[in-house]
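Peer 1: Given the structure of chain A, go ahead and fit chain B onto it with the hints provided.
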Amino acid sequence: MADLTLAQVQAESERFGRIAYVSTVSASGDPHVAPVAVAWIDDDLCAFVLATSSKVANLRANPAAMVHWSVGESTDWDSCMVWGSASIVDTAEGRTALWGRMGYDLGAFEAGGPESSNHVFVRIAPQKATVLRFYGIKGRDTWRA
Amino acid sequence: MDLQELKDHGTRIGMWAHLATVGADGAPDVVPVHPCWEDETLWVMIGTDSVKARNVAANDAVALHWQVGDSSGFDSLLVWGTATVHDDLETKQRLWTGVFDYDLSGFAPGGPDASPGTAFLAVHPTRATLLRNMGTGGRETWTK
Chain A
1 MADLTLAQVQ AESERFGRIA YVSTVSASGD PHVAPVAVAW IDDDLCAFVL
51 ATSSKVANLR ANPAAMVHWS VGESTDWDSC MVWGSASIVD TAEGRTALWG
101 RMGYDLGAFE AGGPESSNHV FVRIAPQKAT VLRFYGIKGR DTWRA
Chain B
146 MDLQELKDHG TRIGMWAHLA TVGADGAPDV VPVHPCWEDE TLWVMIGTDS
196 VKARNVAAND AVALHWQVGD SSGFDSLLVW GTATVHDDLE TKQRLWTGVF
246 DYDLSGFAPG GPDASPGTAF LAVHPTRATL LRNMGTGGRE TWTK
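Chains A and B, in that order, are what the protein sequence lines are.
Our numbering puts the first residue of the first sequence at 1, with every later residue one more than the last.
Our numbering puts the first residue of the second sequence at 146, with every later residue one more than the last.
The hints are all genuine.
Facing chain A, from chain B, some residues (calculated, C-beta under 7 Å): (1) 165; (2) 177; (3) 206.
What follows is a set of in silico ranges between Cβ atoms, one per label pair, in the way DEER data are often shown: (4) 100(A) x 285(B): 35 to 41 Å; (5) 285(B) x 108(A): 24 to 30 Å; (6) 145(A) x 238(B): 41 to 47 Å.
No lab work stands behind these hints, which were simulated from the structure alone.
Treat the numbers as computed from the prediction; the structure is a model and nothing was measured.
Just so it is clear, CB atoms sit at the ideal spot from N, CA and C, and this is done for glycine as well.
So here's chain B without its partners, still in its complex pose:
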């Protein structure tokens, strides 16, 4: 698959993905996130003091698995890559409208200018795999 097909599969499977990171102590963490694409970057709104922010500062490797379910035929979409945390005002102002498909102000009422505890995680995908029906229906891959 190409990058656009990867994005389309993510949209089809659903809005939730489970993001895995690794702490400085080597411990895993996984949390559901609502990522949105901007060109080749997958953005996630996060808290500046969240475990995932701390983990990425120590180890930038991430993995995502879109939430599986009956409505998407139990297809699995997996993305691997690296991530960076962005809490600068310019990035927050740019991302606040037009990139995400939900209202960020519902979670950070202060908006980009007055939400100091809010940051964005940029996931830079390097490879992805789509497993159809838990892999029994075949697999497609993408590599940057």
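Just chain A, with the same shape it has in the complex:
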């Protein structure tokens, strides 16, 4: 097992693509998982999502989030996982600050631009990350805040 820096985690995550699965917990304690397009903005892992989505409701009740990127043969069945605490960026000012930093055209999903309250950003401050090599059989690397 090796220690990683957050910069190394961020670099590692790039090879898994943009889609990751974010798990959250509802106020009643039920799990939820959904695919989201993620991007690192500064030291935080961010996603642009519907304001009315279950994940947003869950994170407002319980900010704990875990993210697991898609797995596949192209990445030799490695896993990249991030645990953290999420905040919801739901002000026009906050959305405007993040709007151009996701790496894809958010306007394709929200024609109203950053002024629209239909979408928000989920901003996860990472606390821990792990990269498993080939299901963990070939080792694991970790980072902790």
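Peer 2: Same frame as chain A, but now just chain B:
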């Protein structure tokens, strides 16, 4: 959709699903798994000391989301239910052949009789939703 259609959509979308569980501390966990159906039960091979095994012991609620991709039109298949962990020899011997579509011995060479660290998670689905093309193409639901 009916249960068979639910199973068929899972097969069409792919072999990987992301399984979410909740720890005793209320923290979420999500890991990719390769589930297979046996009648109304969705089985997953797991480690007895895995986070998901510990979480289900504390909170039996689970959610699965099949891995999305271009090859399946970015359809989403979501399943919710409860889960139980089974590490008894009889269950392991029964499931080892004929239920899974891959060779379990590739991950537990000792087979059902000599793989003490291996168990099976039985997911008992209670409801499911299929979102076509991220929901823009409509949705179908199943409830037990």
